[in-house]
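Peer 1: Sequence lines, in order, name chains V, P, R and G.
The first sequence lines up with residues 1 to 237 when you count with full-length UniProt numbering.
The second sequence lines up with residues 1 to 101 when you count with full-length UniProt numbering.
The third sequence lines up with residues 1 to 305 when you count with full-length UniProt numbering.
The fourth sequence lines up with residues 1 to 353 when you count with full-length UniProt numbering.
Don't read these hints as lab results, they were simulated from the structure.
Just so we're clear, the structure is a prediction, and the values are computed from it rather than from any experiment.
Errors might be hidden in some of the hints.
[Said to hold, decoys possible] In silico SDA-like pairs for lysine to any residue, Cα to Cα no more than 20 angstroms straight-line:
1) G:LYS166 - V:ASN85
2) G:LYS12 - R:ARG279
3) P:LYS58 - V:ASP131
One-letter residues, chain by chain:
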Amino acid sequence: MGRIGGTGMTDLIFYALSALAIWSGWRVFRVDSMIRATFALMVSFISVGGIAVLMSADYIGVATVFMMAVEMMVMGLFMVMFMMNPAGLNPMQMVHQYKFSIGAGIMGFVGLTTAVLLTNFPDNPLPENRDTLRDLGIELLGGSMLIFETAGVTLLATMVGAVALSSRRGRFGDSDVGAAPPGLHPGGEPAGRKVEKGGGHGGHGGHGGHQMMAEKTKPNSNDDPHEGHGNMPEMEA
Amino acid sequence: MTLTAILIVAAALFGIGLFGALSQKSFVMLMMGLEMMLNGTLLAAVGFWAFTLEGAPKGQLLAVLVMAVMAVELAIGFALVVAVYRKRQADVIEGIGTMKQ
Amino acid sequence: MMIFVLAFGMLILFLTFGIWFAAVLDGVFSRRLSGQSAVGLLAPFHAAAVYLTQQRLRTEAPDQLNWFLSIAGYLSVAAIGLAVVPFGPDLAVIGLDTSVVFWGACESLIVVLIFLHGWSPNAPLSLIGAYRYVAIGLPIMLPSMFVLIAAAIPAQSLDLREIVASQETMWNVIRQPLGLPLFLLLGLSLTLRGPFDYADSEDLAGGTSAEDSGANRAGWQVARLAMLVGFSAVASTAFLGGYLGPVLPGFVWLVLKTLVVMATVIWLSHLLARMPVARMLGLIWKILLPISFLDLLWAGLVALA
Amino acid sequence: MGMNWIAKLAAKAPVPIFIARGNDAPDETDKLHLNPNLSIVDTPRAASILLVAGTIPHALTAHLHRLHDQLPHPRATIFWHSSPTDQLSSALGVTHGDDLGSFLLQTRAALLTGERASEADVLPDEPANVWRGVGPHGQGGKGMMGGTPYGRPMAMTDDDMRDGLKLDAYTADFGPFLTMLPSGMILKITLQGDLFQKVAVVSPPYEDARQGREIRTLLKLLGLPALANRLLIENAHCEAGFKRLVTLSGVRRAIPPDLGRTHDGSDVRSRFEHMLNDPSNPQNLHLMGLGLGDLLEGREWQEAMLILNSFDNTSLRKICANTPTDATDDMGDSSEQASGGHEGMDHSSHGGH
Chain V
1 MGRIGGTGMT DLIFYALSAL AIWSGWRVFR VDSMIRATFA LMVSFISVGG IAVLMSADYI
61 GVATVFMMAV EMMVMGLFMV MFMMNPAGLN PMQMVHQYKF SIGAGIMGFV GLTTAVLLTN
121 FPDNPLPENR DTLRDLGIEL LGGSMLIFET AGVTLLATMV GAVALSSRRG RFGDSDVGAA
181 PPGLHPGGEP AGRKVEKGGG HGGHGGHGGH QMMAEKTKPN SNDDPHEGHG NMPEMEA
Chain P
1 MTLTAILIVA AALFGIGLFG ALSQKSFVML MMGLEMMLNG TLLAAVGFWA FTLEGAPKGQ
61 LLAVLVMAVM AVELAIGFAL VVAVYRKRQA DVIEGIGTMK Q
Chain R
1 MMIFVLAFGM LILFLTFGIW FAAVLDGVFS RRLSGQSAVG LLAPFHAAAV YLTQQRLRTE
61 APDQLNWFLS IAGYLSVAAI GLAVVPFGPD LAVIGLDTSV VFWGACESLI VVLIFLHGWS
121 PNAPLSLIGA YRYVAIGLPI MLPSMFVLIA AAIPAQSLDL REIVASQETM WNVIRQPLGL
181 PLFLLLGLSL TLRGPFDYAD SEDLAGGTSA EDSGANRAGW QVARLAMLVG FSAVASTAFL
241 GGYLGPVLPG FVWLVLKTLV VMATVIWLSH LLARMPVARM LGLIWKILLP ISFLDLLWAG
301 LVALA
Chain G
1 MGMNWIAKLA AKAPVPIFIA RGNDAPDETD KLHLNPNLSI VDTPRAASIL LVAGTIPHAL
61 TAHLHRLHDQ LPHPRATIFW HSSPTDQLSS ALGVTHGDDL GSFLLQTRAA LLTGERASEA
121 DVLPDEPANV WRGVGPHGQG GKGMMGGTPY GRPMAMTDDD MRDGLKLDAY TADFGPFLTM
181 LPSGMILKIT LQGDLFQKVA VVSPPYEDAR QGREIRTLLK LLGLPALANR LLIENAHCEA
241 GFKRLVTLSG VRRAIPPDLG RTHDGSDVRS RFEHMLNDPS NPQNLHLMGL GLGDLLEGRE
301 WQEAMLILNS FDNTSLRKIC ANTPTDATDD MGDSSEQASG GHEGMDHSSH GGH
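Please take these sequences and the hints and turn them into a complete structure.
Peer 2: Here's what the structure looks like:
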């Protein structure tokens with residue numbers, strides 16, 4: 001399936017793209033700057049898209065680049081929005097169970113690789129000159145139309161769900177004032193489970209309580225900024 | 001470019017993603033780990049399609065579905081991040097030790 | 001191989017000439033509108049030379065790598081966008097079955113690159129420009145993709161070469177009258193111009209490029225003009241029949257049509273006022289997007305008829 | 001030292017100048033836009049020459065020096081109708097107005113050939129504040145939030161005005177030479193994204209800051225710089241051609257309705273209309289205790305700039321007088337020290353040559 005100037009060239013491009021995909025994937029979790037992390041992931045996706053194009057999956061490859069550029073852009077914005085330190089100018093490592101995670105990652109890789117090496121895969125490569133794009137189109141709007149349309153409806157439902165989840169107005173009032181269900185009789189205790197006073201939350205705003213917001217009271221909030229940093233992430237190696 | 005090579009690359013991406021998803025404290029970084037795992041999956045799906053299916057279009061359909069899954073994961077993930085942040089001002093996993101209330 | 005080298009040479013020639021011409025045209029339009037005499041043909045070179053003699057300043061704690069990558073990337077994406085355009089039958093640098101989707105990928109990468117350009121200097125005004133651009137740049141891509149798909153429908157192909165071939169009898173601009181105007185708005189947004197210039201606008205003292213100096217500034221301005229060339233070439237291919245035309249060689253026709261599109265975009269950019277972001281978002285989601293649906297619906301109905 | 005070919009080409013281009021307006025900037029300052037040998041740029045990063053027009057009040061000289069350091073080398077400063085400050089003693093002074101253009105051209109040519117040395121930085125190229133972190137990277141203190149490296153603590157969350165998502169806020173001083181703000185005005189702005197959260201006046205605009213430049217700034221803010229320059233031509237606002245262009249541009253519809261409404265019902269749209277049709281005759285507005293906070297808070301950047309520039313100078317100074325000044329801030333050493341930055345750029349952002 002040498003698409004660009006013979007098999008040797010294709011192999012070379014494949015190895016280069018693979019190396020780029022893995023290296024940038026690794027950088028995602030090693031850089032301080034969230035923006036760099038996000039766009040390293042994008043580079044990884046673009047490389048995989050390139051490999052897909054090498055394998056004659058033109059549409060899949062190009063659409064991966066298309067989708068991932070947009071998705072990573074949105075992700076980058078969320079990074080800047082929610083992170084207290086998106087540029088990594090104040091370097092920190094926000095990790096937990098670090099050794100276990102490394103072990104799990106390596107185990108995952110080794111296990112899958114072993115499985116790959118020990119399995120005999122059938123060898124039915126893509127025939128030369130097959131119009132894969134046309135195949136895909138016919139399949140999407142032919143035999144597998146139901147699947148495709150289900151995916152479409154799922155995406156629509158996702159959009160509705162995402163808007164509902166992220167909007168401020170909830171069923172029982174504004175979400176940021178601590179939504180509570182109405183009482184069983186007028187003015188009574190909220191129905192349902194009781195609120196437990198727990199120091200389980202914290203994070204960003206909680207830290208704010210540290211320095212500047214200590215005096216700021218937050219009426220109507222179930223969250224207490226003074227307790228907020230009970231579990232705040234500590235610096236780790 | 002052989003199927004084995006492609007699958008090993010996919011396994012490596014999956015492993016990195018697994019490491020990221022398990023180790024990162026921040027929600028958004030955790031989602032990047034999940035995306036990375038799906039990245040490996042996508043590569044493996046396309047690899048199988050190209051080398052073992054004789055170009056049966058259903059293989060490409062699988063890859064399209066993986067992409068749809070990524071989009072759904074991202075959208076719902078961000079919506080949940082926003083919802084949790086509104087309620088708790090939390091942007092790390094430890095911030096929601098409990099899901100109650 | 002010979003064909004590839006030929007096409008590549010044409011691309012470089014086209015891009016260089018286009019950038020120069022766009023810069024001249026921009027100067028002419030803006031000075032005409034402000035009631036002043038026109039500028040010389042060499043003015044762009046002089047202006048570029050000024051930037052090249054200046055020092056390249058650093059801001060405090062910038063993201064140097066991304067700063068460089070955003071400028072280089074913007075320029076290369078412009079060139080890559082131009083590369084999918086067929087200069088003649090079967091004469092494209094990148095001949096891809098999915099070139100329309102490929103161009104879409106370029107569009108979305110441009111949003112990323114412009115964001116990075118505003119992000120990297122670590123300065124408030126440029127970051128505001130970057131935020132605002134993403135808010136506008138992502139939604140304006142939706143109508144543009146719909147009109148491009150509509151343009152692909154009569155060709156029954158996502159290949160720009162096929163799309164040109166399908167316009168042998170009638171150009172898409174006549175067949176789908178809503179397509180080109182909507183696509184031109186995208187062009188204003190991709191090249192950071194006039195009513196869609198939310199990244200580099202005057203209310204932010206230059207926005208994402210407020211901190212650029214010296215060679216960086218020259219590079220960014222050249223990249224913007226290159227993007228204009230790339231966009232205009234794609235627009236004239238998808239809607240104005242690309243290289244099709246009588247008597248003259250195909251490449252000349254393509255260049256002429258590209259220049260017409262380019263002049264229109266520059267003219268619109270100087271003529272139209274820019275509204276605040278929230279108002280523009282309303283316009284895009286509530287008016288432009290439904291219009292692009294109509295365009296797609298129309299194209300589908302015509303194809304079925 | 002001869003010129004290389006790039007410098008020779010550059011010498012033929014219009015001189016990029018950045019204008020820092022003083023209190024009594026000469027009337028001809030605006031006309032410089034019409035000079036084909038000059039190009040007036042919006043950011044000091046693009047300029048070769050800093051033109052100081054009129055006297056800069058003593059309180060603002062530090063800002064002027066910071067602005068000076070933000071110009072790329074080779075650079076020069078020219079004081080026009082004013083005398084150079086002590087720190088900028090190597091700068092040139094000019095009083096005559098007619099041949100300013102040719103004088104600027106000569107200065108630039110001298111810079112390019114190296115006859116005239118580029119001016120050195122006035123302010124030291126070092127952080128504005130001391131390093132007050134503890135950890136190896138300056139993160140310092142307990143947890144992640146500890147220290148304030150170089151006086152810059154991490155961004156803190158602030159209440160949101162639109163939908164209650166409490167995200168990080170950024171506070172900085174903007175002005176006094178920013179082209180979209182009235183000259184001399186320094187605002188301490190707290191931003192969330194591009195939304196104005198809080199506004200305080202550090203320094204009000206000069207008494208004679210604008211000389212009818214508001215309408216041209218408004219046109220520039222609305223993306224029509226060419227039309228703004230056209231207004232410099234005598235009686236241009238009466239021309240039919242100009243009026244047609246304004247109508248064609250849709251500029252009236254581009255201004256959101258009810259933006260910056262005052263008590264007597266006038267909004268940006270109506271004030272824009274008035275300035276366009278009757279520029280010599282300022283409107284009499286009833287402001288009644290209206291402060292900048294009432295007008296700007298919750299607005300996004302472009303809207304806020306439109307509101308600011310839709311008032312004539314007298315009204316704007318009245319509004320500033322109604323606005324609490326910066327003294328009320330009790331954040332101590334937090335973010336605002338980082339932001340002595342003129343142009344809204346951080347103080348030491350001119351660093352690293």
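Peer 1: All the hints need checking, so say for each whether the structure fits it.
Peer 2: Structure-based check of each hint:
no., hint, verdict
1, G:LYS166 - V:ASN85, "15 angstroms, holds"
2, G:LYS12 - R:ARG279, "42 angstroms, violated"
3, P:LYS58 - V:ASP131, "14 angstroms, holds"
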